[in-house]
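Each chain, letter by letter, is given below.
Protein chains: 2
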Amino acid sequence: MVKIAVLGYGVVGSGTVEVFYKNKESLEKKAGQELDIKYILDIRDFDDSPYKDKFVKDFDIILNDPEVTVIAEVIGGLKFSYPYVKSALEAGKSVVTSNKELVAAKGAELLAIAKEKNVNFFFEASVGGGIPVIKPIHTCLEANEIDEIAGILNGTTNFILTKMIRDGMGFDEALKIAQDLGYAERDPSADVDGHDTCRKICILASLAFGKHVYPENVHTEGITKVTLEDVNYCDSCDCKIKLIGCAKREENGEISIGVFPAVIRDESQLAGVNDVFNAILVRGDATGDVVFYGKGAGKLPTASAVVSDIVSAAKHQNTSISLTWKDSEQTFVRSFDKFSCANYIRFAATDKAAAEAVIKAEFSGVEYLSRNNMPDNELAFIADVMDENSVNAALEKLSAHGEVLGRIRALDY
Amino acid sequence: MVKIAVLGYGVVGSGTVEVFYKNKESLEKKAGQELDIKYILDIRDFDDSPYKDKFVKDFDIILNDPEVTVIAEVIGGLKFSYPYVKSALEAGKSVVTSNKELVAAKGAELLAIAKEKNVNFFFEASVGGGIPVIKPIHTCLEANEIDEIAGILNGTTNFILTKMIRDGMGFDEALKIAQDLGYAERDPSADVDGHDTCRKICILASLAFGKHVYPENVHTEGITKVTLEDVNYCDSCDCKIKLIGCAKREENGEISIGVFPAVIRDESQLAGVNDVFNAILVRGDATGDVVFYGKGAGKLPTASAVVSDIVSAAKHQNTSISLTWKDSEQTFVRSFDKFSCANYIRFAATDKAAAEAVIKAEFSGVEYLSRNNMPDNELAFIADVMDENSVNAALEKLSAHGEVLGRIRALDY
Numbered sequence: 006m007v008k009i010a011v012l013g014y015g016v017v018g019s020g021t022v023e024v025f026y027k028n029k030e031s032l033e034k035k036a037g038q039e040l041d042i043k044y045i046l047d048i049r050d051f052d053d054s055p056y057k058d059k060f061v062k063d064f065d066i067i068l069n070d071p072e073v074t075v076i077a078e079v080i081g082g083l084k085f086s087y088p089y090v091k092s093a094l095e096a097g098k099s100v101v102t103s104n105k106e107l108v109a110a111k112g113a114e115l116l117a118i119a120k121e122k123n124v125n126f127f128f129e130a131s132v133g134g135g136i137p138v139i140k141p142i143h144t145c146l147e148a149n150e151i152d153e154i155a156g157i158l159n160g161t162t163n164f165i166l167t168k169m170i171r172d173g174m175g176f177d178e179a180l181k182i183a184q185d186l187g188y189a190e191r192d193p194s195a196d197v198d199g200h201d202t203c204r205k206i207c208i209l210a211s212l213a214f215g216k217h218v219y220p221e222n223v224h225t226e227g228i229t230k231v232t233l234e235d236v237n238y239c240d241s242c243d244c245k246i247k248l249i250g251c252a253k254r255e256e257n258g259e260i261s262i263g264v265f266p267a268v269i270r271d272e273s274q275l276a277g278v279n280d281v282f283n284a285i286l287v288r289g290d291a292t293g294d295v296v297f298y299g300k301g302a303g304k305l306p307t308a309s310a311v312v313s314d315i316v317s318a319a320k321h322q323n324t325s326i327s328l329t330w331k332d333s334e335q336t337f338v339r340s341f342d343k344f345s346c347a348n349y350i351r352f353a354a355t356d357k358a359a360a361e362a363v364i365k366a367e368f369s370g371v372e373y374l375s376r377n378n379m380p381d382n383e384l385a386f387i388a389d390v391m392d393e394n395s396v397n398a399a400l401e402k403l404s405a406h407g408e409v410l411g412r413i414r415a416l417d418y
Numbered sequence: 006m007v008k009i010a011v012l013g014y015g016v017v018g019s020g021t022v023e024v025f026y027k028n029k030e031s032l033e034k035k036a037g038q039e040l041d042i043k044y045i046l047d048i049r050d051f052d053d054s055p056y057k058d059k060f061v062k063d064f065d066i067i068l069n070d071p072e073v074t075v076i077a078e079v080i081g082g083l084k085f086s087y088p089y090v091k092s093a094l095e096a097g098k099s100v101v102t103s104n105k106e107l108v109a110a111k112g113a114e115l116l117a118i119a120k121e122k123n124v125n126f127f128f129e130a131s132v133g134g135g136i137p138v139i140k141p142i143h144t145c146l147e148a149n150e151i152d153e154i155a156g157i158l159n160g161t162t163n164f165i166l167t168k169m170i171r172d173g174m175g176f177d178e179a180l181k182i183a184q185d186l187g188y189a190e191r192d193p194s195a196d197v198d199g200h201d202t203c204r205k206i207c208i209l210a211s212l213a214f215g216k217h218v219y220p221e222n223v224h225t226e227g228i229t230k231v232t233l234e235d236v237n238y239c240d241s242c243d244c245k246i247k248l249i250g251c252a253k254r255e256e257n258g259e260i261s262i263g264v265f266p267a268v269i270r271d272e273s274q275l276a277g278v279n280d281v282f283n284a285i286l287v288r289g290d291a292t293g294d295v296v297f298y299g300k301g302a303g304k305l306p307t308a309s310a311v312v313s314d315i316v317s318a319a320k321h322q323n324t325s326i327s328l329t330w331k332d333s334e335q336t337f338v339r340s341f342d343k344f345s346c347a348n349y350i351r352f353a354a355t356d357k358a359a360a361e362a363v364i365k366a367e368f369s370g371v372e373y374l375s376r377n378n379m380p381d382n383e384l385a386f387i388a389d390v391m392d393e394n395s396v397n398a399a400l401e402k403l404s405a406h407g408e409v410l411g412r413i414r415a416l417d418y
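Taken in order, these protein sequences are the chains called A and B.
In this text, residue positions in the first sequence follow the numbering used here: the first is 6, and each later residue adds one.
In this text, residue positions in the second sequence follow the numbering used here: the first is 6, and each later residue adds one.
It cannot be assumed that every hint is accurate.
It does not matter which identical chain is meant; a pair holds if it fits inside one copy or across any two.
[Stated by the list, open to error] In the DSSO-like style, the derived pairs of lysine-lysine whose C-alpha atoms are separated by at most 27 Å in a straight line are: (1) K35 with K331; (2) K34 with K111; (3) K181 with K91; (4) K216 with K35; (5) K181 with K331; (6) K27 with K57; (7) K331 with K27; (8) K57 with K8; (9) K27 with K216; (10) K122 with K57; (11) K320 with K120; (12) K8 with K34; (13) K343 with K331; (14) K216 with K29; (15) K365 with K402; (16) K34 with K91; (17) K111 with K122; (18) K34 with K331; (19) K59 with K35; (20) K59 with K304; (21) K357 with K402; (22) K35 with K111.
Bear in mind the hints are in silico, worked out from the structure with no lab data behind them.
Nothing here was measured: the structure is a model prediction, and the numbers come from that model.
Bound conformation, chain A alone (with noise of 0.2 Å):
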């Protein structure tokens, strides 16, 4: 008998018990014994719970309890979560995590102390909700060096966009729908800042290229600047505008990495990714390009994640499966400076012709772009790949010629 602790309770936590109730006898027989939850850790009370006598409030009864072999930590953020991880995996019990905060923050650590102890650290539901990614990336894909790896990994900016695309609903107003409905915080900036997204291109850049890079060290760009008129030029050119996190090995061992809005080919398998989905792409040296897609939110999603590691942790008890990464200087993250990509530009011209000089001096395969209600001194067009420093500094000559309204990145997968 495999016994279970659950952090908190929340929509997670109450999905992880509800989901593990549900199938108990199924996840037993695929475990190989019997499993069964025996605490839930939250401070309110759950007085009506069918599960009342489970709750706890006191972290040290379960970290003391010998009997508990496998933890759940679902209570998010870093304050609590990081020491109750980080002192069960010392105690010697496996912990899985819906947690992407603490594993782009503390991943490579954790690992670290879960190898030391020979026991597992799981965190499927840390990327992609419900999607099964980590694992597959883990266990599938390993005959395969990784080139890159990019997804569209939060749901309520995905579904913002969506909206804007689809309906030609502006930002505010289709943030305001997606806050009703339950998708974007009353605080949505971690989502439309691109910090969600940010942590966990760093979780699937540091297993895919197998050293921890921290987000801190990752150029974030959110997706509050991208307006209507965006949208209808790409939508003009047969594109896509989606939040996306990327991350790419470099010829000499570095690493680009980046979060921004950009510009997508209708032809992608990312394109058609929309409304609170999200989709993982992962190109392989053998395998070619792979894509993940699904649910990359949502309570049951992410609890069917968090229950098959928990499945796999007591499956797995008494060997150290789970995968390391190393924890090192960041010195192999390319400065964004040197990122390379097509770009979008949208223009107002006070001197048309003098920007139309700089642009075709200054920028190579330009194909100009056109929208209903175009005003007359608008550029728009899509130019060919350059480095970050060379966009920045045509655009500085472009300004001496009105100002520069637009510029998204604009990616090839």
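With chain A fixed as given, assemble chain B onto it according to the hints.
Showing chain B alone in chain A's frame:
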């Protein structure tokens, strides 16, 4: 040190050896031990191969060598592979295979032997080539009850349909290009008649529902009757025609399963899967729809899945972690007469008014379609969900007033 034998040095076999030696160092790290290929079985001579010392022509050398604990079977077919794999498992060796025919025909038996002998039988490469799907369903979606599974599982037919849809090319011409490019065999029947898709959906259904479904019990239609006219009508209502294998859990515990060309709405994640790509949609009760996309065939993608299974087998020696499903009477496979779905119908009327009256009486939710150069006496429509018996009865009544030129089932994925 784990010693491996590769049975068969064709496309997948030589790819397996290539990927293995290319990534040997990282694979050993992942397996936690040294690995080497000791034998390659092939009746042909490969005197110029760098691996020429490993070639043997007699399977018994491999079978009787106790050093060999993992065997990769990539011969294909049943004639040699079935006795080889069976005797290898019985001798206590783990087996990995890319052979869908073997798994679809003998999976339950071979899995039972593996379990009994405490070894593993893995077959990630048998469905979806390089796309991780078998292991993710088995180990990541285990907290779900899988309700439905559907996929574009054959790259050759998807390439042909993509040519018809995108380039307005007829079936014969598209098939010829597929043959010239090496995507289709000289005798293309296993692909275009749906048999390859049938084997794959049988494997997926057996895995998802826990009972072996045999190909001979699955209604299977290919794409040879799909016309450009059908493609055009479907385009007019924002749909695509794809060859789909699908299986669904019914309320009474039966399984509905079939292989046929299907009309799919453009918004579906399956509609945008083009050329030789494959995609598998899994509908779980907790996670909702999850889609796995990538190259479903080809030397290196398939080989990478075989090599990944080799590493898993090496890592889990002396523990049987491979899945199981039961062999059982096929009474749980629902008669295809009861299969229910929407339908696209194309009809050449001798008496148009009479035909329209029959359509009105026999079908519901009829949406008439049109195309360029549509003959006056032609009728095309999509109608609401009906079971096979009702559709066949309605089409028979309709036939009194002309000829049914086409009928394609419409699915809602």
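Cross-check of the supplied hints:
1. In this assembly of identical chains, the alpha carbons of K35 and K331 lie at most 27 Å apart only when taken from different copies (14 Å versus 31 Å within one copy).
2. In this homomeric assembly, K34 and K111 come within 27 Å of each other (Cα to Cα) only across copies, at 23 Å, whereas the closest approach inside a single copy is 33 Å.
3. When the C-alpha separation of K181 and K91 is checked against a cutoff of 27 Å, the pair qualifies neither within a copy, at 38 Å, nor between copies, at 61 Å.
4. In this assembly of identical chains, the alpha carbons of K216 and K35 lie at most 27 Å apart only when taken from different copies (15 Å versus 32 Å within one copy).
5. Taking the shortest alpha-carbon separations for K181 and K331, neither the intra-copy value of 41 Å nor the inter-copy value of 51 Å comes in at or below 27 Å.
6. Taking the closest pair of Cα atoms, K27 and K57 come within 27 Å of each other only inside a single copy of the chain (17 Å); across copies the shortest separation is 55 Å, beyond that limit.
7. Taking the shortest Cα distances, K331 and K27 sit within 27 Å of each other only across copies (23 Å), while inside one copy they are farther apart (38 Å).
8. Within a single copy, K57 and K8 get their C-alpha atoms as close as 17 Å, which meets the 27 Å cut-off; across copies the closest is 53 Å, which misses it.
9. Taking the shortest Cα distances, K27 and K216 sit within 27 Å of each other only across copies (21 Å), while inside one copy they are farther apart (38 Å).
10. Taking identical chains as interchangeable, the C-alpha atoms of K122 and K57 are never at most 27 Å apart, the minima being 32 Å within one chain and 44 Å between chains.
11. In the homo-oligomer, the alpha carbons of K320 and K120 lie at most 27 Å apart both inside one protomer (16 Å) and across protomers (16 Å), since each shortest distance falls under that limit.
12. For the homomeric pair K8 and K34, the shortest alpha-carbon distance inside one copy (15 Å) is at most 27 Å, but the shortest distance between copies (32 Å) is not.
13. When the C-alpha separation of K343 and K331 is checked against a cutoff of 27 Å, the pair qualifies only within one copy, where the shortest distance is 24 Å, while the shortest distance between copies is 56 Å.
14. For a Cα distance limit of 27 Å, the shortest separation of K216 from K29 across copies, 20 Å, qualifies, whereas the shortest one inside one copy, 36 Å, does not.
15. In the homo-oligomer, the alpha carbons of K365 and K402 lie at most 27 Å apart inside one protomer (12 Å), although the nearest pairing across protomers, at 67 Å, exceeds that limit.
16. Taking the shortest alpha-carbon separations for K34 and K91, only the inter-copy value of 26 Å comes in at or below 27 Å, while the best intra-copy value is 30 Å.
17. Taking identical chains as interchangeable, the C-alpha atoms of K111 and K122 lie at most 27 Å apart only when both belong to the same chain, with a minimum of 17 Å there against 41 Å between chains.
18. Taking CA atoms no more than 27 Å apart as the test, K34 paired with K331 passes between copies only; the shortest distance there is 14 Å, against 35 Å inside one copy.
19. In this assembly of identical chains, K59 and K35 lie within 27 Å of each other by CA distance solely inside one copy; the values are 24 Å within and 39 Å between copies.
20. With identical chains, the CA atoms of K59 and K304 are at most 27 Å apart within one copy only, with a shortest distance of 21 Å there and 53 Å across copies.
21. With identical chains, the CA atoms of K357 and K402 are at most 27 Å apart within one copy only, with a shortest distance of 13 Å there and 68 Å across copies.
22. With identical chains, the CA atoms of K35 and K111 are at most 27 Å apart between copies only, with a shortest distance of 22 Å across copies and 30 Å within one.
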